[in-house]
Amino acid sequence: MQTNSTSFVTPSHGFVTLPATASATASFGPLRIEYRWINEANAHAPIALFLHEGLGSVAMWRDWPQSLCERLGMRGLVYSRPGYGLSTPRASTEKWPVDYLATQAREVLPALLDSLHITPEERRRMWLIGHSDGGSIALLYAAFFPDTLAGAVVIAPHEFVEDIAVQSIAQTRQLYETTDLRSKLSRYHADVDSAFYGWNDIWLDPAFRSWRIDHLLDTIACPLLAVQGYDDHYATMAQIETIAQRVPQTRLVKLDACGHSPHRDAPVELNEAIAAFVSERG
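1 is the number of the first residue of the sequence shown in the working numbering; add one for each residue after it.
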């Protein structure tokens, strides 16, 4: 599919090439990653690094990272993972492995930080803010690198696969193939099939039903805020309650009249909760 990818690019956009690694770039070598800085001139401010959902990208965040960074007084870093936005697309024959989220946390994200010359001191002051798949990546990064973060905010994250998620993801596939959903998503991805089927295929793979990461969370040492809406059609409250059982310093926020995307459904409440949590640990 051909799209006018330049429509996604603003002057604050950039691209960086990550070196090839054994598993992160298995079939297509070095990765070209799309990223954008927010409030870049505030060079001494802590970084809030945003990790998007399973169908997200730099463009799909819209203006929420900007509004949150202004509220927090932080710089922001937003990027599109491989397969999304303007980053290196997934090859049509490439299937994400069951542990694809761990690969993003253990290999791709550290390589991105290295390539952008983000220092160890900056990383120790950094906050991860992840939504859905991005929330799972934030949890895994915090678990793999427990001494390198100021804190993390996970919004509608997944630690294991629930029936409600599989059912909703199957319904989303039907919508993608029979309605204008594909056209709508193409506004945010240069190769929309790369983004959609990379995410959808692995979540509907029977092998993925046994995926879970809750047993890895015990090593998380940083402050952790976990947020979920009561009307989330991809998960139940068991997801964030499981985090609290494993990570005692977790604060839970449960939002009424809110679905899977609190930054769109309840941005005021979400920003208030994040700002309060961060300021208490400032």
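Just so you know, these hints were derived from the structure itself, not from any lab. All figures in this text were calculated on a predicted structure; none of them were measured in a lab. No residue lacks a Cβ here, since even glycine has one placed at the ideal position from N, Cα and C. Treat the hints loosely; a few may be bogus.
[To be verified] The following label-pair restraints were derived from C-beta to C-beta distances:
#1 Gly282 x Gln245: 39 to 45 angstroms
#2 Ala170 x Glu70: 36 to 42 angstroms
#3 Arg124 x Ala275: 32 to 38 angstroms
#4 Gln245 x Arg125: 44 to 50 angstroms
#5 Glu272 x Asp231: 14 to 20 angstroms
#6 Ala207 x Thr119: 35 to 41 angstroms
#7 Arg32 x Glu241: 19 to 25 angstroms
#8 Ala275 x Thr93: 20 to 26 angstroms
#9 Asp256 x Glu70: 22 to 28 angstroms
#10 Ala41 x Arg182: 34 to 40 angstroms
#11 Tyr230 x Ala276: 15 to 21 angstroms
#12 Leu175 x Tyr230: 32 to 38 angstroms
#13 Leu204 x Arg32: 26 to 32 angstroms
Hints and how they fare:
1. Remark: the range hint 39 to 45 angstroms for Gly282 to Gln245 is contradicted by a beta-carbon distance near 27 angstroms.
2. Taking 36 to 42 angstroms as the suggested C-beta distance range, the pair Ala170 and Glu70 conforms, at roughly 39 angstroms.
3. For Arg124 paired with Ala275, a C-beta distance near 21 angstroms fails the hint of 32 to 38 angstroms.
4. Hint check: Gln245 to Arg125, Cβ distance near 28 angstroms, so the stated range 44 to 50 angstroms is violated.
5. Roughly 19 angstroms separates the CB atoms of Glu272 and Asp231, a value that falls within the hinted 14 to 20 angstroms.
6. At about 39 angstroms, the beta-carbon gap between Ala207 and Thr119 stays in the expected band of 35 to 41 angstroms.
7. A C-beta distance of roughly 39 angstroms is found between Arg32 and Glu241, which places it outside the suggested range of 19 to 25 angstroms.
8. A C-beta distance of roughly 44 angstroms is found between Ala275 and Thr93, which places it outside the suggested range of 20 to 26 angstroms.
9. Checked against the hint of 22 to 28 angstroms, the pair Asp256 and Glu70 passes, with Cβ atoms roughly 26 angstroms apart.
10. For the pair Ala41 and Arg182, the supplied restraint of 34 to 40 angstroms holds, since their beta-carbon distance comes to about 38 angstroms.
11. The hinted window of 15 to 21 angstroms between Tyr230 and Ala276 holds, with their beta carbons roughly 20 angstroms apart.
12. The beta-carbon spacing between Leu175 and Tyr230, approximately 23 angstroms, falls outside the hinted interval of 32 to 38 angstroms.
13. In this structure the hint that Leu204 and Arg32 lie 26 to 32 angstroms apart at CB holds, the actual value being about 28 angstroms.
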